[in-house]
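Residue numbering for the sequence shown follows my numbering, starting at 1 and increasing by one per position.
Some hints could be false.
[Claimed, not checked] Pairs of lysine-lysine, DSBU-like flavour, derived with a Cα cap of 35 Å: (1) K470 with K163; (2) K404 with K345; (3) K404 with K149; (4) K302 with K152; (5) K345 with K149; (6) K404 with K374; (7) K482 with K302; (8) K485 with K149; (9) K470 with K482; (10) K374 with K163; (11) K149 with K302; (12) K485 with K374; (13) K345 with K482; (14) K149 with K470; (15) K485 with K302; (16) K470 with K302; (17) K516 with K470; (18) K470 with K485; (19) K163 with K149; (20) K403 with K345; (21) K345 with K302; (22) K345 with K374; (23) K404 with K152; (24) K163 with K152; (25) K345 with K470; (26) K485 with K163.
Hints in this document: simulated from the structure, not taken from any laboratory.
Note that the coordinates shown come from a computational prediction; the quantities given were computed from them, not determined experimentally.
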Amino acid sequence: MGRYVRWQIAVALLGIILLSALLAYSAYSFTNVIVPDHGGVFREGVAGSVQYINPLLCQYNEVDQDICALVFRGLMRLDEHGQDVPDLSDGPPQISPDGLTYTFHLQPGLQWQDGAPITADDVLFTVHMMQDPNFPGVPFLNELWRTVKAEKVDDLTIRFTLKQPFTPFLDYTTIGLMPRHLWHDIPAGQLLQSQLNTDPVGNGMFRVAEVSADHVRLEPNPRYSGDAPYLAAVEFRFYPDYPSLYEAFNRGEIDGISRLLPQDLAQAEARDDLQVFSAPLSGYVIVLLNLQNPNVPFLQDKAVRQALMYALDRQELIDEVLAGQGIVAHSLFMPYNWAYDPNVKQYTQDLDQARHLLDEAGYVDRDGDGIREKDGRPLRFILLSDDDPARQRMAQALSLAWKKIGVDAVPQAVTFTGLVSDFIFPREFEAAIVSWELSGDPDPYPLWHSSQATENGQNYTGWVNPRADKIMEEARFTHDQKQRKALYREFQEIFTEELPGLLLHHPVYTYGISSKVHGVTIGPLNQPSDRFRTIAQWYIATRRISLPEARARRKLITPSASTP
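Based on the provided sequences and hints, a complete structural model is requested.
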């Protein structure tokens with residue numbers, strides 16, 4: 001009897017212990033949550049390799065731009081809507097009523113990663129580099145800054161004086177600063193040769209820790225003035241081309257695919273170990289029409305240009321050629337840009353209207369070969385594209401669409417370098433598919449003003465419209481956004497009526513990132529490097545903390561999150 005009682009007591013005690021453990025575990029589970037922790041290395045694959053980790057030299061190379069975006073900061077930066085907002089500047093600049101003077105105040109206490117203070121001297125030095133006649137960077141920086149007077153007011157204040165009002169000026173203050181104390185003995189003409197281009201000292205969230213032939217490693221900058229990132233390091237790993245990146249992810253070599261191609265998209269979206277993010281990329285893809293080429297005089301006829309546009313089902317082109325990765329472009333301006341007119345004329349496919357326009361203009365297929373002609377000249381032109389497979393497929397699709405209305409567009413693919421240097425720059429083309437990545441102020445002047453139709457300008461179509469010219473000029477001289485919006489509304493009306501180029505779509509940037517990386521969000525992009533805009537919130541490592549502490553931090557994560 002005694003043993004039986006002792007046995008019952010033992011079972012009861014064991015039950016109490018188990019129940020207590022279960023209650024303790026439940027209490028722990030429901031009063032503790034998983035939050036981001038510091039640690040983890042994020043490895044991203046990029047196409048190409050590093051050349052210059054220098055904010056004044058990175059514009060030619062997308063890999064350089066990615067790294068510079070994390071290592072350097074400027075007075076201002078562009079937000080996701082292309083608006084200029086303060087970065088190193090302590091608030092927006094003071095702009096004089098005449099729009100000629102901009103005064104910036106640096107935030108106090110800012111430091112370079114080596115501990116040296118960031119002062120107005122660094123701003124002055126950076127500007128003087130870009131003003132130098134021997135500056136080896138992109139020409140537009142030199143052309144703009146040599147017209148600007150830069151003055152140091154005090155250690156934290158800099159004043160810029162323009163010769164005439166120029167509303168897009170703030171965009172040029174987003175360029176990263178250079179540390180004067182390290183660069184002051186290096187002439188502008190020797191910028192390309194400096195070792196500092198691969199061993200830089202920056203002021204951004206990350207610092208360069210290692211550079212080799214196959215990768216660059218970045219680590220958090222301990223003197224960064226903003227929130228410290230959770231990631232212990234970011235590594236950019238170099239591959240020869242974009243198709244190689246998806247293969248590298250399959251081999252487990254990388255966690256991020258810097259650009260997912262349309263042909264990989266369906267397979268990528270079906271994976272459980274890969275997150276796919278898509279965001280509109282500021283800019284547009286357009287068929288440039290050479291209005292000054294004597295070999296294709298019919299392109300000067302507005303009726304022909306409108307007929308070409310009416311013949312296209314652009315959404316179908318996006319779906320079939322780009323796997324849906326595009327937004328039909330009805331304007332030069334992005335739909336979320338303040339200058340965009342939602343009531344702008346929108347061309348949808350109308351084959352009857354396209355044929356009617358050509359008939360009315362006297363273009364008729366008289367010999368029955370399927371191609372219209374007028375005065376013995378057939379509606380035939382060469383449609384150039386670069387050798388990107390998607391771009392070639394787009395050229396073929398356009399050719400088929402235009403053949404339905406009696407226009408013969410002959411696709412011809414060349415290398416990207418050849419397209420630019422042999423055809424676009426010298427204006428030795430008839431029609432060409434090109435992509436413009438544009439960020440910041442929506443100013444269309446550089447690409448569409450008649451003054452830019454000269455040899456050194458970028459108005460490659462040769463379009464001349466006096467009213468459009470006047471609008472673009474006036475919009476550059478006023479800071480009143482309502483007035484500028486009204487001007488650009490009229491500009492969009494003129495452009496969509498005249499069609500000096502055939503807008504196809506706004507590009508969509510598609511990014512792949514491992515499911516082990518959390519906290520990733522991507523909004524509209526001014527340029528591909530903007531995918532890192534929220535990298536401070538990305539994390540791989542996690543830890544448990546109490547629920548009250550989590551609420552205090554306001555960074556709650558659902559208890560279902562997994563710990564690596």
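Do the hints match the structure? See the list:
1. Taking the CA atoms of K470 and K163, the gap is about 19 Å. The hint holds against a cut of 35 Å.
2. Distance restraint check for K404 and K345: the Cα-Cα separation of roughly 23 Å lies within the 35 Å cut-off, and the hinted pair is therefore satisfied.
3. A C-alpha spacing of about 57 Å is found between K404 and K149, which places the hinted pair above 35 Å, so the restraint is violated.
4. Restraint check for K302 and K152: the C-alpha separation of about 52 Å exceeds 35 Å, so the hint is violated.
5. A C-alpha spacing of about 42 Å is found between K345 and K149, which places the hinted pair above 35 Å, so the restraint is violated.
6. Between K404 and K374, the direct Cα distance comes to roughly 17 Å. Compliance with the 35 Å bound is thereby established for this hinted pair.
7. With a C-alpha separation of about 31 Å, the suggested pairing of K482 with K302 holds against the 35 Å cut-off.
8. Pair hint K485 plus K149 holds up; C-alpha atoms about 29 Å apart against a cutoff of 35 Å.
9. A C-alpha spacing of about 17 Å is found between K470 and K482, which places the hinted pair at or below 35 Å, so the restraint holds.
10. In summary, the hint linking K374 to K163 is not supported, as the alpha carbons are separated by about 50 Å, beyond the 35 Å threshold.
11. With a CA separation close to 44 Å, the supplied pair K149 and K302 exceeds the 35 Å bound.
12. The hinted pair formed by K485 and K374 fails the criterion: a straight-line CA distance of about 41 Å is larger than 35 Å.
13. Pair hint K345 plus K482 holds up; C-alpha atoms about 21 Å apart against a cutoff of 35 Å.
14. Using a Cα cut-off of 35 Å, the hinted pair K149 and K470 holds, with the two alpha carbons roughly 27 Å apart.
15. At most 35 Å may separate the alpha-carbon atoms for a hinted pair to count; K485 and K302 meet this at roughly 26 Å.
16. About 21 Å separates the Cα atoms of K470 and K302, which keeps this hinted pair within 35 Å; it holds.
17. In summary, the hint linking K516 to K470 is not supported, as the alpha carbons are separated by about 53 Å, beyond the 35 Å threshold.
18. For a cut-off of 35 Å, the pair hint linking K470 to K485 stands: about 14 Å separates their Cα positions.
19. Distance check on the hinted pair: K163 and K149 sit about 8 Å apart at the alpha-carbon level, within 35 Å; holds.
20. Between K403 and K345 the CA atoms are separated by roughly 24 Å; this keeps the pair inside 35 Å, and the hint holds.
21. Using a Cα cut-off of 35 Å, the hinted pair K345 and K302 holds, with the two alpha carbons roughly 15 Å apart.
22. Restraint check for K345 and K374: the C-alpha separation of about 29 Å stays at or below 35 Å, so the hint holds.
23. Taking the CA atoms of K404 and K152, the gap is about 64 Å. The hint is violated against a cut of 35 Å.
24. Between K163 and K152 the alpha-carbon distance is near 18 Å, which keeps this suggested pair within the 35 Å criterion.
25. Using a Cα cut-off of 35 Å, the hinted pair K345 and K470 holds, with the two alpha carbons roughly 21 Å apart.
26. Between K485 and K163 the alpha-carbon distance is near 24 Å, which keeps this suggested pair within the 35 Å criterion.
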